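Each chain, written out:
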Amino acid sequence: MDHAAEHHHKETFITKYIFSQDHKMIAKQYLITGLIMGFIGIAMSLLFRMQLAWPGESSVVFKALLGKWAPDGVMDADIYLALVTIHGTIMVFFVLTAGLSGTFSNLLIPLQIGARDMASGFLNMVSYWLFFISCAIMISSLFAEAGPAAAGWTVYPPLSALPQAQPGSGLGMTLWLVSMAIFIASSLLGSLNYIVTVLNLRTKGMTMTRLPLTIWAFFVTAIIGVVSFPVLLSAALLLIMDRSFGTSFFLSDIFIQGEVLHYQGGSPVLYEHLFWFLGHPEVYIVLLPALGITSEVMSTNARKPIFGYRAMIASILGIAFLSTIVWGHHMFISGMNPFLGSVFTFTTLLIAIPSAVKAFNYITTLWKGNLQLNPAMLFSIGLVSTFITGGLTGIILGDSTLDINVHDTYFVVAHFHLVMGISALYGLFAGVYHWFPKLFQGRLMNKNMGYVHFWVTAVASYGVFFPMHFVGMAGVPRRYYQNTAFPMFDELTDVQILMTVFALIAAAAQLVFVYNFIHSIFYGQKGEQNPWKSNTLEWTTPTEHIHGNWPGKIPEVHRWSYDYSKTYEDGSYIIEGQDFVPQHIPLQKNEEELNH
Amino acid sequence: MTTPLILAVLVLVAIAIWQLAKIFELSQMGADRANDQIANDSDNKYNGYLLFAFLVFIYGITIFSFAKYGKMLLPISASEHGVDYDRLMWISFAIIFFVQTLTQFLLHYFGYKYRGEKGKKALFYADNDRLEFIWTIIPVITLAALILYGLYSWVNIMDINDEDDPLIVELYAQQFNWTARYGGDDNVLGDASVRLIDINKANVLGLDEGDPNASDDVIVKELHLPVGRKVNFLMRSQDVLHSAYMPHFRAQMNCVPGMVTQFSFTPTVTTEEMRLNPDVIDKVKRTNGLRAQRAAAGDPDSDPWEFDYVLLCNKICGKSHYNMQMKIIVESEEDFNKWLKEQKTFSETVTALP
Chain A
3 MDHAAEHHHK
13 ETFITKYIFS
23 QDHKMIAKQY
33 LITGLIMGFI
43 GIAMSLLFRM
53 QLAWPGESSV
63 VFKALLGKWA
73 PDGVMDADIY
83 LALVTIHGTI
93 MVFFVLTAGL
103 SGTFSNLLIP
113 LQIGARDMAS
123 GFLNMVSYWL
133 FFISCAIMIS
143 SLFAEAGPAA
153 AGWTVYPPLS
163 ALPQAQPGSG
173 LGMTLWLVSM
183 AIFIASSLLG
193 SLNYIVTVLN
203 LRTKGMTMTR
213 LPLTIWAFFV
223 TAIIGVVSFP
233 VLLSAALLLI
243 MDRSFGTSFF
253 LSDIFIQGEV
263 LHYQGGSPVL
273 YEHLFWFLGH
283 PEVYIVLLPA
293 LGITSEVMST
303 NARKPIFGYR
313 AMIASILGIA
323 FLSTIVWGHH
333 MFISGMNPFL
343 GSVFTFTTLL
353 IAIPSAVKAF
363 NYITTLWKGN
373 LQLNPAMLFS
383 IGLVSTFITG
393 GLTGIILGDS
403 TLDINVHDTY
413 FVVAHFHLVM
423 GISALYGLFA
433 GVYHWFPKLF
443 QGRLMNKNMG
453 YVHFWVTAVA
463 SYGVFFPMHF
473 VGMAGVPRRY
483 YQNTAFPMFD
493 ELTDVQILMT
503 VFALIAAAAQ
513 LVFVYNFIHS
523 IFYGQKGEQN
533 PWKSNTLEWT
543 TPTEHIHGNW
553 PGKIPEVHRW
563 SYDYSKTYED
573 GSYIIEGQDF
583 VPQHIPLQKN
593 EEELNH
Chain B
7 MTTPLILAVL
17 VLVAIAIWQL
27 AKIFELSQMG
37 ADRANDQIAN
47 DSDNKYNGYL
57 LFAFLVFIYG
67 ITIFSFAKYG
77 KMLLPISASE
87 HGVDYDRLMW
97 ISFAIIFFVQ
107 TLTQFLLHYF
117 GYKYRGEKGK
127 KALFYADNDR
137 LEFIWTIIPV
147 ITLAALILYG
157 LYSWVNIMDI
167 NDEDDPLIVE
177 LYAQQFNWTA
187 RYGGDDNVLG
197 DASVRLIDIN
207 KANVLGLDEG
217 DPNASDDVIV
227 KELHLPVGRK
237 VNFLMRSQDV
247 LHSAYMPHFR
257 AQMNCVPGMV
267 TQFSFTPTVT
277 TEEMRLNPDV
287 IDKVKRTNGL
297 RAQRAAAGDP
307 DSDPWEFDYV
317 LLCNKICGKS
327 HYNMQMKIIV
337 ESEEDFNKWL
347 KEQKTFSETV
357 TALP
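From first to last, the protein sequence lines are chains A and B. So for the first sequence, our numbering puts the first residue at 3; every next one is plus one. So for the second sequence, our numbering puts the first residue at 7; every next one is plus one.
Wrong hints could be hidden among the right ones.
[Stated by the list, open to error] To give an idea of the chain B side of the interface with chain A (calculated C-beta under 10 Å), a few residues:
#1 82
#2 95
#3 114
#4 157
#5 160
#6 163
#7 167
#8 233
#9 234
#10 237
[Unchecked claim] The list that follows gives simulated cross-link-like pairs (lysine-lysine, BS3-like), each with its CA atoms no further than 25 Å apart:
#11 B:227 / B:124
#12 B:344 / A:535
#13 A:528 / B:28
#14 B:325 / A:70
#15 A:370 / B:207
#16 B:126 / A:535
#17 B:333 / A:370
#18 B:344 / A:65
#19 B:119 / B:207
#20 B:127 / A:591
#21 B:350 / B:207
#22 B:333 / B:77
#23 B:119 / B:227
#24 A:535 / A:555
Everything labelled a hint here was simulated from the structure, so no lab data went into it. Given the structure is predicted, the values throughout are model-derived calculations rather than measurements. Ideal placement from N, C-alpha and C gives every residue a C-beta, glycine not left out.
Produce the complete structure using the sequences and hints provided.
Here you go:
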């Protein structure tokens, strides 16, 4: 059946660009919303980094941007905490969960498995618009009279539950919780759609062991999301109950502002368990798609198969399973039973094993390759670099004993920014540079601006987060408005300034990306249909977007997606003069199927 | 003053980058071959070299950070278990640096060495069970060793018991200050609950006035600890989560409203002794140098600093979280007992019923 023929009915502006049910348009909507949120989040980080480098100094920037929150241009302590909180929330959930997964799962799942669209285009559209609403509510919380949520992105009660405890725990916190509840609904709808699509709509010949690792990563990420996000929803709902309806799930024995509150019998530790039951898998929800993108980008640009395809799948599954039983390492010193701490140390350090396997496999993929150092490839290599640097310090933080003295210090901040923040952002950038032609009618982004973007970002982000480990090892707690109250931290001011300057440089480099991105959408060079000479199915679709993706029949799949530089025994390429064999090409004479 | 200046410079740099990008873009107009924006041999070459340079940068920033910031780290541990803690920390660091140096080298060196060239053939190398076995089993063994060592230390540290006649101290947290309570002569804390707090009667910790153990309790705003004696801390919070962080003793535990949390350590170095530690002397000297500069610039909060142990709040607790602290003084047993005798007891401070 000629599917495309069904779709010749006229589309209005609204159905095409706004309430679109086409996965490619929804991917673009996710990407652009995610990027806008990302730049808001990054801008916030610059504000609080400036406060840390030059504590208590008056600045016209603060005055202009923070208004009443910066009397005489000096940043207020409450708004500092709010900025930290909203920065974390936006970056983790809105940029690196929805922006990354939402964009590339939507774009690539149907295209790479050979499907006309997602299983449910309608749910997909609803998922995006719920995400949009939650973004709008989160942004609107910035304008709450008493300020936005300011209890840290983990919003631990009682601080987050009691408006008496801090001004941000009033309307700002309510909006935060409502926004997150809607976000979770959006995420669940998206994830269910991804799972169903991958399981049911694979084209003929696309067995699970021929799936590109991108799809494996998105698929498993969606499963983790479905398992863990509902638990966060329950935490948010119970917190709303405690805040608004006087229940005592998380609160007990509280005396604040001269009076005893009625709460009895609840425990903040319960909230911590519920939060981190999502919170830790969330790290992998952020990271796995980035690693999936890296697998594809690295293999294509190295002109080599990904090393250890099956081991990579096993690692993804291993990480997914372990990720749901390690949450307690965020709570070693929360007051929970120390024996539980032992168990979580054990499971946490186990997760280093599949992670190490992945890192080694990436390195081996580069070995004896013919590396095409496109910007996407550089971001992928950069991802492996920050993944290793940031991941290794996890050995310290995952060890309950060592965690005692570095818990909640800048050592933690440095660790997770490198291993999940920067790494996942690199994954996002790699994906944007690589699949830009699929997103925007075959246009390519400017490579030289891409190089500038990568190199400045790479140097500056190490410049921010490497010295930060030392600040943490010196005992500086995170979420301090300024460190001037402790003379023992005086000599660290220099480091703070260095980190802030690097942060400003890194942010400036993102402007190059913004310019390149916007400019390339309209004026980018048109490339060939398959510009990176890639094997996956998305490059067999026409550059112009059409409903149903393929004008004729969906191609059939005959091999895995990593037949790069595959040769016969005599050393000649399988297809004469071409170092890659796309998935839809049948096995050639005398060719053996290899998918390891 | 420096802030607006630096900001102005950065804004200008940003504008400059933007404009350069634009010029660059314009200079490329005209050429419109489809493969223009795909890495060619010369791109591969330059970026290959840059990958190698980046490796040097990573090593460089590591060495720079250690040389410049290494001395700013915490001084030697001042508690018994802290020695063990520091040893485990350095073993972990040694492993991390070994793996980091090696893997970053391989990653970036391969990026440089195997940079693409037209016509070059990559090796179809998809699998090697032996290699994968090796790099699975090595992390397994290393991590098993670290886990065992870590758990051994953890069990020792978290085993809080009444052996060896520990001193019992309550740490009481509230927005935004700390209070310490000693059991007095009997070393037993009286019962307490936030529901018994009566500010009018100066019963700020909510002690049970009917409990005979409470009457000799000593409530203070400065934490004194005898050297060489085990201290068992019982921690409470009256409002939100706080965390009692004593970095010099490698000690930390959250204070949770509604429950009593515990931690225990034995201080081994008195405040006086620590002030004579060469590292600490250096640090104080450097810090006071900075503070003298600040004083010269007219900053009021820049008196010379004398080293003291300190208890910090390390769980976000609100506006003044950054300044929630209490001084800790470790002294000889005699000095400690003398100090404790001088303090007023609860029965002396609580005002009688009207």
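The hints, checked one at a time:
1. 82: 13 Å, violated
2. 95: 6 Å, holds
3. 114: Cβ of residue 114 (chain B) sits 7 Å from chain A, so the hint holds.
4. 157: 5 Å, holds
5. 160: 5 Å, holds
6. 163: At 6 Å from the nearest chain A Cβ, residue 163 (chain B) passes the 10 Å test, so the hint holds.
7. 167: 12 Å, violated
8. 233: 20 Å, violated
9. 234: Residue 234 (chain B) check fails; min Cβ-Cβ to chain A is 21 Å, beyond 10 Å.
10. 237: The hint is violated - residue 237 (chain B) has no Cβ within 10 Å of chain A, the shortest such distance being about 16 Å.
11. B:227 / B:124: 73 Å, violated
12. B:344 / A:535: Status violated; Cα separation ~81 Å.
13. A:528 / B:28: Cα-Cα ~19 Å, so holds.
14. B:325 / A:70: 16 Å, holds
15. A:370 / B:207: 79 Å, violated
16. B:126 / A:535: Judged against 25 Å, a Cα distance of about 15 Å means the pair holds.
17. B:333 / A:370: It is violated: about 59 Å lies between the C-alpha atoms, which goes past 25 Å.
18. B:344 / A:65: 53 Å, violated
19. B:119 / B:207: Given that 25 Å is the threshold and the Cα spacing comes to 77 Å, the pair is violated.
20. B:127 / A:591: The given pair, whose Cα atoms are some 22 Å apart, holds under the 25 Å limit.
21. B:350 / B:207: Within the cut-off at roughly 15 Å; holds.
22. B:333 / B:77: 23 Å, holds
23. B:119 / B:227: Distance ~63 Å between residue 119 (chain B) and residue 227 (chain B) Cα, so the pair is violated.
24. A:535 / A:555: 22 Å, holds
In this structure, the hints that do not hold are numbers 1, 7, 8, 9, 10, 11, 12, 15, 17, 18, 19, 23, in rising order.
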